[in-house]
Amino acid sequence: MTAPVLSVEALSVAFRTEHGDLTALDRIDLAVSPGEVVGLVGESGSGKSVTGLALMGLIDAPGRISGGAIRFEGRDLVGLPERDLRSLRGTRLAMIFQDPMTTLNPVLRVDTQMVEAIHAHERVSAAAARARAREALVRVGIPAPDERLRAYPHQLSGGMRQRIAIAIALLHRPALLIADEPTTALDVTIQAQILAEAQTLCAEMGTALVWITHDLAVVAGLADRICVMYAGRIVEEGPVAAVIEAPMHPYTAGLIGSSPSRNARGAPLTQIPGLAPSLGRRPPGCAFAPRCPSATPDCAEPPPVAALPGRTALCRHPLHGEVRA
Amino acid sequence: MLTYLFQRFGQALVTIAAMALLVFVGVYAIADPIDMLAAPDATADERAAIAARLGLDRPLPVQFATFAWNALHGDLGRSFVYNEPAVQVILQRLPATLELAFTALAIAVVVGLPLGLWAGLRPDSASGRAIMAGSILGFSLPNFWQGLMLVLVFAVTLGWLPAGGRGETVRVLGIETGLLTLDGLRHLVLPALNLALFKLAVVIRLARAGTREAMLQDFVRFARAKGLAPSRIVGVHVLKTILLPVITVIGLELGSMIAFAVVTETVFAWPGIGKLLIDSINRLDRPVVVAYLMLTVCLFIVINLVVDLIYAALDPRVRLSESEP
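In order, the protein sequences belong to chains A and B. For the first sequence, the UniProt record's numbering gives the first residue as 1, with consecutive numbering after it. For the second sequence, the UniProt record's numbering gives the first residue as 1, with consecutive numbering after it.
Some clues are possibly wrong.
Keeping only pairs whose Cα atoms sit at most 25 Å apart, straight-line, the calculated SDA-like set for lysine to any residue is [stated by the list, open to error]:
(1) Lys240(B) with Leu58(A)
(2) Lys240(B) with Asp60(A)
(3) Lys240(B) with Val323(A)
(4) Lys240(B) with Pro273(A)
(5) Lys240(B) with Val262(B)
(6) Lys240(B) with Ala120(A)
(7) Lys240(B) with Pro106(A)
For the record, the hints were derived by calculation from the structure and aren't laboratory data. All figures in this text were calculated on a predicted structure; none of them were measured in a lab.
Assemble the whole structure, with the sequences as input and the hints as a guide.
Written out as structure tokens, the structure reads:
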């Protein structure tokens with residue numbers, strides 16, 4: 001196995017509030033190899049988006065990285081001066097966001113927003129930058145690129161805008177692209193196209209991809225590995241096929257059980273009872289215990305690591321595999 | 001575009017007609033100008049002669065019809081007091097007011113936008129709070145009191161600047177202007193500042209609110225993820241977004257600054273149209289009051305149209321005609 005391009009160790013993010021610090025991310029570990037596609041799955045509030053922003057160094061006050069390390073291409077991004085972080089953003093590290101309707105500035109033309117992304121990192125002539133922007137649009141499959149360059153975002157469809165965002169993110173051939181639910185706001189057919197294109201482009205450029213989503217089906221078809229998040233922790237991690245076939249953590253099993261495709265036609269979907277805990281009210285032990293069918297009183301203690309070859313889960317009573325001594 | 005202009009022109013005509021009726025009837029109701037024009041010991045015959053000469057003996061509908069007919073030919077009547085065409089009396093005073101209003105506008109925008117941006121970017125800093133506190137004073141303290149204080153501090157106590165009048169003027173292209181002489185500029189500072197303070201406070205608040213809102217938008221986050229410098233994010237992405245509401249309000253305020261600089265002009269004895277209006281109301285100089293209000297209506301209509309056009313130029317989402325796709 002090659003050295004990972006990104007290696008996150010015990011990363012924590014806290015938000016300062018009137019009631020003390022709230023922990024949004026709790027000691028997460030994550031490793032991404034060059035060119036690998038990792039799916040980060042979880043429900044709303046599980047910390048997926050915060051993870052993405054933390055990797056980019058874009059956590060704003062009152063939030064802050066409260067511990068851990070983000071090793072990216074040999075450097076620790078935690079504590080790196082803003083100036084150095086900025087020179088990495090857009091060049092080595094890129095990110096696209098959920099809503100393509102709002103990620104492009106509505107009052108600036110597409111070419112302005114593409115050319116400025118080039119000029120932020122390279123001294124090239126305006127004509128050369130424009131030519132590269134045009135080329136990038138062609139690469140993401142946008143017809144009539146010259147016309148699109150002169151357009152304002154509101155003149156384009158949602159799918160087109162997300163493609164432009166992807167084109168901008170890939171302008172400098174980054175080593176890692178973080179995609180924060182980029183297809184959620186799009187309809188299903190466009191979603192499939194964008195997924196396929198993003199995957200192909202990243203494979204061509206050797207760009208590793210962290211795909212954040214709440215949709216297990218998206219990850220199943222896209223990712224090499226999957227990380228399941230719950231209440232600010234990564235509760236299970238492993239190769240995508242193995243995890244879906246035989247989940248170790250009861251939460252993962254619950255997620256899989258509640259996906260429509262897994263159920264017989266006409267039968268009601270199974271649900272996970274209860275709600276995810278709010279940031280301030282996490283139990284000291286396993287956060288999933290109150291909703292978990294296999295919970296026992298000792299789940300109130302911090303959960304141990306359970307393992308299978310190439311896989312881990314944070315659970316005292318894993319459905320598969322053994323708890324490490 | 002052309003359709004739009006025609007529509008606006010039609011609306012403007014209806015507005016002007018309605019205002020003409022309101023203004024004429026309103027001024028008619030205030031008092032009988034004969035009381036002011038005739039000598040206190042005038043006989044009934046003398047009073048009747050004056051009324052007949054000025055047309056004041058005829059019934060209201062006839063007077064209005066005469067006024068409307070003459071107005072359509074560009075004649076808004078002769079001033080009872082100056083015995084000159086009312087429009088000419090007003091136009092002679094207009095350059096002084098325009099000078100004052102535009103200088104005040106420039107101060108409000110040039111000082112207000114940067115302060116508002118700063119306060120919006122650092123809402124919790126001491127400087128941000130100080131700016132907001134200052135802006136509250138700016139529009140809660142009465143305008144005339146601010147004017148008196150300016151006179152007291154800078155003219156009376158410190159003796160730095162003159163307290164009243166317009167100072168030395170020169171004729172450029174047939175228009176008297178004080179902008180080209182040092183003495184004229186010195187006279188302009190205090191009244192312009194007085195007139196600007198309220199608008200300055202408004203611009204600061206609008207810019208701050210706009211900045212705070214814009215900084216939370218996805219497009220700002222995406223711009224940061226592209227690795228853009230903060231100066232470009234604030235100076236291009238944010239500034240262009242917040243200009244829209246600022247321009248709308250400034251447009252309306254410009255009209256009111258020109259039309260109702262009455263208080264400032266009175267405090268600083270500025271020979272503009274605001275002071276003329278007060279004098280004319282006191283002397284019941286009906287034609288001047290009516291002509292003044294009619295010109296004001298036209299002024300507002302023109303300014304609103306210009307604001308709409310600028311708006312369309314700045315925000316590509318605003319369309320002025322329905323023919324575009």
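Hints, one by one, checked against the model:
A C-alpha spacing of about 23 Å is found between Lys240(B) and Leu58(A), which places the hinted pair at or below 25 Å, so the restraint holds. Pair hint Lys240(B) plus Asp60(A) holds up; C-alpha atoms about 23 Å apart against a cutoff of 25 Å. Proximity of Lys240(B) to Val323(A) is assessed by CA-CA distance (about 57 Å); at most 25 Å being required, the pair is judged violated. At most 25 Å may separate the alpha-carbon atoms for a hinted pair to count; Lys240(B) and Pro273(A) exceed this at roughly 48 Å.
For the hint pairing Lys240(B) with Val262(B), the CA-to-CA distance comes to about 33 Å; that exceeds 25 Å, so the pair is violated. Using a Cα cut-off of 25 Å, the hinted pair Lys240(B) and Ala120(A) holds, with the two alpha carbons roughly 19 Å apart. For the hint pairing Lys240(B) with Pro106(A), the CA-to-CA distance comes to about 10 Å; that is within 25 Å, so the pair holds.
In this structure, the earlier hints numbered 3, 4, 5 are contradicted, and the remaining ones agree with it.
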